[in-house]
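As you go down the protein sequences, you meet chains A and B in turn. Using numbering that gives the first Met the number 0, you'd call the opening residue of the first sequence number 0 and step up by one each time. Using numbering that gives the first Met the number 0, you'd call the opening residue of the second sequence number 0 and step up by one each time.
Hints were generated in silico from the structure; no laboratory data involved. The model shown is predicted, which means the values in this text are computed figures rather than measured ones. Ideal placement from N, C-alpha and C gives every residue a C-beta, glycine not left out. Among the hints, a few may not be true.
What the hints assert, rightly or not - Pulled from the structure, derived: some chain A residues nowhere near chain B, Cβ distances all over 12 Å:
(1) P13
(2) Q74
(3) E78
(4) D92
(5) G107
(6) A136
(7) I165
(8) P167
(9) V307
(10) A324
(11) A343
Stated by the list, open to error - No farther apart than 20 Å at their CA atoms in a straight line, the calculated lysine to aspartate or glutamate pairs in the EDC-like style are these:
(12) A:K414 x B:E338
(13) A:K132 x A:D92
(14) A:K17 x B:E171
(15) A:K309 x B:E331
(16) A:K414 x B:D237
(17) A:K97 x A:E70
(18) A:K381 x A:D367
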Amino acid sequence: MSTAELTLTEDGIPLKEKLAKTTALQRRRALLLTLPLVIFLVVSFVFPIGQMLFSSVHNDKVSAVVPTFAEAIIQWDGEGLPSEQIFEIFVKDLAAAKKVREIGRTVGNMATRINYEMPGSRSLFTSTARKAKKIEAPYKENLIKVNKKWANPTIWLTMQRAARDITPAFYVAALDLKYDENGDIVRADELYQIYLNNFIKTLGVSALITLICVVLAYPVAYLLSVLPLRQANLLMIMVLLPFWTSLLVRTTAWIAILQTEGVINDMLVFMGFISDDGRIQMIYNQTGTIIAMVHILLPFMILPLYSVMKTIPPTYMRAALSMGAKPLYAYRKVYLPQTLPGLAAGTLLVFILAIGYYITPALVGGEDGLLISNLIAYHIQKSLNWSLGAALGTLLLAVVLILYWLYNKLIGIDKLRFG
Amino acid sequence: MNKFIQQKGKAIIYLLIAAVLVTFLTGTIKAAVGFLLVFGVPLYFMSKMPEYATTGERFTRYMFLVISSSILVFLITPVIIIIPLSFNAEPYFTFTDGMLNLDPDAFSMRWYMDILHNGMAAPQAVEGWWKDMWENAQWIRAARNSFFIATISTVIATSLGTLAALGLSRPEMPYRALITSLLISPMIVPLVITATGMFFFYSDIGLAKTYWGVILAHVTLGVPFVIITVTATLSGFDMSLVRAAQNMGANGWTTFRRIIMPLILPGMISGALFAFITSLDEVVAVLFIADVDQRTIPRQMFSGIREQISPTILSVASILVLISIILLTVLELLRRRSERLRGMSPG
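Make the full structure from the sequences, and use the hints.
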């Protein structure tokens, strides 16, 4: 095609080129509008979470406290006991580290780190560190004299593992595994298998909550969808008011209703179903968690279901019925398939929200109602084993992100509406 | 079935409202359940079902209505029941005999007064009472913190969120799906994970235990709601209006101020309300990031429930329910206005 045949714009540029330019400009403009928020979220949200993910595999508590030793022990071949030279470096590093008072770089911090992998070894480090200044050559012999445990190769193997800054150790712990004496990964003792079981329990409880929500939301959403708009809006208040009410208020309300001296138990006693000392424990356990969470998450199921059901013309069911289909058959073949998008949206949303729930289980869960979020919070706030908390958090995040991806794939997050 | 419900819908709604009122007045769910059974059954028999309807069909329909109304009652009761409970004269979480008999002495405002008195240096003093209350009462301090944090984070979340929503709803927007899922992800990612990440990061840069730390966290958590509501409003937006404005010589800012903003304002306000209530209700990030100085109402309730549970919490909760009722009303009015603007009748 020659230049003469090209359509030119006013300023003599071929139309195609000009159009491409304008489109590119418009794309840039659109992108520019979202840019402030994207930058904000990357700084305040994505980066902090990334940092947390990193801390689940990164722990420098050993190399920060005894740096020279950390370098040396990594070179060790792991056969028998390390050489006299490594023992010397260790004793000297330990003596130097004893003087450090800075939080996060003390011998105590290192001892805690190694204690995670070898329970009961903490005092070995702290007590030896107190005497380290006085230990002289031959170091190997004298160190073992201070404490016989230093003759155990396992402690040196554990220290070698912990000396590396990047470590899978916290995922090993989070998956209820451990290292045995030879450094191989094996299943942890029955007593210490907490996390995997809790993960399974969290998934199970979330699935149960989602199922109850489906069963409860379906008839309500249907009722709302077939009522005339004005009346449906009125009834909608009964769904939206709880949705808008603080979840702490709702949790408090459930405590008032379910506790042993609460409204339901009083009613049951009053009506003579149970005796005064046979009051039912309905809160501060898993039952309480499930009841309160169903109540809190139910609107998240009703709203998407309702918005889908509203668009289904009632004539379809009537047509099926008039052609002789039995009501149940017509429902299964005609109505149910049309509600599937709403059902999928609500199910995924409720499940995603349930699996990461923290507040309600923390308040009404008692001991057996605690979910994985509560364990993560425990490690971050109480036991201060941040890396383990981060590893558990990463596993939870992975599950949630897969579900989120699925949600996007099936429904599209931009279809999400409230009311 | 639809016809039946349409005809009877009004009656059912009145019945349910009456049932809630009964719950509210008598203070027992029992009365409401009884009320529903007593009035619901005749309603069914009085209903104008088609003459050919079989007993089985009538029964199914009746069961459906009973079940769905009890689910609605299940949803609303916990929210409503705390209001009469909060007027209890005794330090119990249940209705006393006096309350059930509507004895005026069984009701009192003591837990509402306790909201003010708790933490005050001299609750009985006359002079300087207001100052003492404003500065020392724990719940008042928490309320001041809550509203301060919620207001600032709402302003930031709404402005950033509206701007981004404007970009996202342009047809030329590149990587729309990716960016939308990023912007909505704070709603999806478990709060504990978000709070943990922020706690580490904010500790590093000195924002932990400050108001700004909490505000930034709440902006992050409020943004998805603004995005969702504003893009929803923009989805029905007629872009030719913008072109018309530009055609007549309006620049970008004027177009936004005079054309776009008035039309999406209902969406912006409901997004802002969502962001506000999210911040007002948020406790996990506060638990991780805030210090005693930044205690908010939900944080105070959290420790109240954990440590020394008293009916004061119920009275605070009742006030919060009242606030949500007000917000919900505003939202409903906005929605109607938006529908009117877009030419949809409220039915």
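Hint check results:
Non-interface status of A:P13 relative to chain B is upheld: no Cβ of that chain comes within 12 Å, the nearest being about 21 Å off. No beta-carbon of chain B comes within 12 Å of the beta-carbon of A:Q74; the shortest separation is about 32 Å. Remark: the non-interface label on A:E78 is consistent with the geometry, its nearest Cβ contact in chain B lying 39 Å away (cut-off 12 Å). With a minimum CB-CB distance of about 27 Å to chain B, A:D92 clears the 12 Å threshold, and the non-interface call stands.
Listed as outside the interface, A:G107 is consistent with that label: its C-beta sits roughly 20 Å from the nearest C-beta of chain B, beyond the 12 Å cut-off. Consistency note on A:A136: stated as away from chain B, and its beta-carbon is indeed over 12 Å from all of that chain's, at 42 Å minimum. Chain B leaves A:I165 outside its interface by the beta-carbon criterion, the shortest separation being 18 Å against a cut-off of 12 Å. Every CB of chain B lies more than 12 Å from the CB of A:P167, the least distance being 20 Å, so the non-interface label holds.
At roughly 16 Å, the least C-beta separation between A:V307 and chain B is larger than 12 Å, which holds for a residue marked as non-interface. Distance check for A:A324 against chain B: the nearest CB is about 14 Å away, which clears 12 Å, and the non-interface claim stands. At roughly 15 Å from the closest C-beta of chain B, the C-beta of A:A343 stays outside 12 Å, upholding its exclusion from the interface. Of the supplied pair hints, the one linking A:K414 and B:E338 holds, its CA atoms being roughly 18 Å apart against a limit of 20 Å.
Between the alpha carbons of A:K132 and A:D92 the distance comes to roughly 10 Å, so the proposed pair stays at or under 20 Å and holds. At roughly 16 Å between alpha-carbon atoms, A:K17 and B:E171 fall within 20 Å of each other, so this suggested pair holds. A threshold of 20 Å between alpha carbons decides the hint, and for A:K309 with B:E331 the separation of about 18 Å falls inside it, so the pair holds. The suggested pairing of A:K414 with B:D237 holds, with an alpha-carbon distance near 19 Å, which does not exceed 20 Å.
For the given pair, A:K97 sits about 19 Å from A:E70 by alpha-carbon distance, which is consistent with the 20 Å threshold. Annotation: proposed proximity of A:K381 to A:D367 holds, straight-line Cα distance about 19 Å (limit 20 Å).
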